[in-house]
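Peer 1: With the sequences and hints as input, model every part of the structure.
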Amino acid sequence: MSGFLADIGFQPDWLEILGTTFMRHALIGGSLVAIAAGLLGYFVITRQNAFAAHALAHIGFPGATGAILIGAPVTLGLAVFCIGGGLLIGLFGKRVAEREIATGTILALATGLGVLFASLAGANASATTSVLFGNLLAVSSDQLVVFGLFTAAVALVLALVARPLLFASVDPAVAEARGVPVRALGVTFVVLLALTITMAVQVVGTLLLFALVVTPAATALRLTARPAAVAGIAVAVALGSVWIGLVLSAMVNLPPSFFVVAVAVATWLVVLGLTGRRSEVHQRASRDAHAHHAPAAPVGGT
Amino acid sequence: MNQQGNAVELEGVRVVRGGRTVWSDGDLSVPAGAVVGVIGPNGAGKTTLFQVLLGLLPVAEGRVTVLGAPPRRGNRRIGYVPQNYTAAIGEAVRARDLVTLGLTGGRFGLRPTSAGERARVDAALERVGAAGYADRRMSELSGGQQQRVAIAQAIVDDAELLLLDEPLANLDLRNQHEIVQLLGDLQRERGATVLVVAHDLNPLLPVLTDAVYLLDGHPHHASIGDVVQEDLLTHLYGTPVGVVRTPQGDLFTRAAWRDPDPAGGER
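Protein sequences, first through last, are from chains P and F. The opening position of the first sequence corresponds to residue 1 in our numbering, with each subsequent residue numbered one higher. The opening position of the second sequence corresponds to residue 1 in our numbering, with each subsequent residue numbered one higher.
Mixed in with the good hints, there may be bad ones.
Which stretches of chain P does chain F cover? Using the computed rule of at least three CB atoms under 8 Å from a CB of chain F, they are [unchecked claim]:
#1 160-170
#2 174-181
#3 224-230
In short, the hints are calculated from the structure, not lab data. A quick note: this is a predicted structure, and the numbers were derived from the prediction, not measured. Quick reminder that beta carbons are idealized off the backbone N, C-alpha and C, glycines included.
Peer 2: This is the structure:
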């Protein structure tokens, strides 16, 4: 048994590792990101923007490597590119199909630029790797301050716009007729998403970001459709993924990104398995109910 | 023209979209309390008319009066059900949430929905017969159920003017009947004016009192009896249309190329 544990790199002193400064930073930083991502995930799904969220992370890639190239802070480069990319995607067609094509094209260009900048900057492989896959254990105290500000901004603005944003997301035609500023809310949402992604990229990287921004909310939506409950469960799943992921990574000295994502995906799969069956039964029951019930209004008005 | 008695008035209105005149010389008055079929071929500008009334599209010429005032976005006295209403609404929202947004969706800030507001949402759901599935997700509902929820959202704020764009599309006959019945009932109970865009007049004929028809690039208003005429409908749709009156006194229109000449109430 101990041979096996040694083979997988089990670290008997993992509790002490959890108490170190870099682990504490990772825990705080990861938690801040999880809160922002969990809250925003619900709107990403109701706006049918999951692909855009994924793409924005990739669009951040040249921002990060470009920042390395000119010696600017990586967070700044990520934020500028994510916000710019988000606004650019927003300019393109309203129809989902058009938007997806525009998004995918911008994504490809951005990834190409990212490689170019990385090469020009002579960035070593590990710098590039940490952008692509995240490096939670390298979060600095300066970054924590930025994360704290970003998360506070996301939570505050969402609290203010939640209702009109939901209206504009699920029902844009009626919302517009009712005087809701649909376009302005769209821009607001993109900026919040860009801020969240800027943080999340530094935790799980551009390639794995989806699992932290979209998957927890998708998991929550399997369990309930009450908006406040969805947000709460999504935050809980994201937080749990970060915390459990960090503990596991301390135990076996492997990158936390993998474990964070693995926990989030495993939770999603379990919930999917549990609710898939139930919702089928539910739907069948409701169809039957519909078929057997008398209509609410009398029929036959002619 | 009598300002008080009319829900909608157009005077010399021309509407332009993307540099193209959609329709012009719009002169009509829809009396308050009417149930109006808005008819015309594809692309004639039926939805555009709604957008003008909702204040979403400014007119190029002329004057528009809606419920005694110029059109403006965010007019809470108008309830609106757009075309293909629920096509884009996924599994993330429950019927109840959608109706609640019709009441509070424009409100910024964190103030929770009040008990009074929840009661109004329940009453609207109840009124359209959707109370039984109020807590189900929109994606789980049938087309007819979704349409009821959409109407509940439109009436939850006690709208005086209801604009419904193709509310019967994709519904089976029974659901068409029930929705039409509901529209007629809502008009009677609330004295609301109802404008319904429809391709097929037949299911709506039992409740329609008036029609706005878009013919040759101009909107016209007439009482429903004057519209359901073979030569007018044939001109309107550009294909031969017949009108049938059953022994029971019901009116039907029929496509002359498809339906046999009538012997009775069959369409």
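Peer 1: None of the hints should be skipped; say for each whether it holds.
Peer 2: The hints, checked one at a time:
For a cut-off of 8 Å, the count of residues in the segment 160-170 of chain P with a CB near a CB of chain F stands at 8, and the three-residue condition holds. Beta-carbon proximity to chain F at under 8 Å applies to 7 residues in the segment 174-181 of chain P; the threshold of 3 is reached and the given coverage holds. Residues of the segment 224-230 of chain P lying with their CB closer than 8 Å to a CB of chain F number 4, which satisfies the three-residue condition for coverage.
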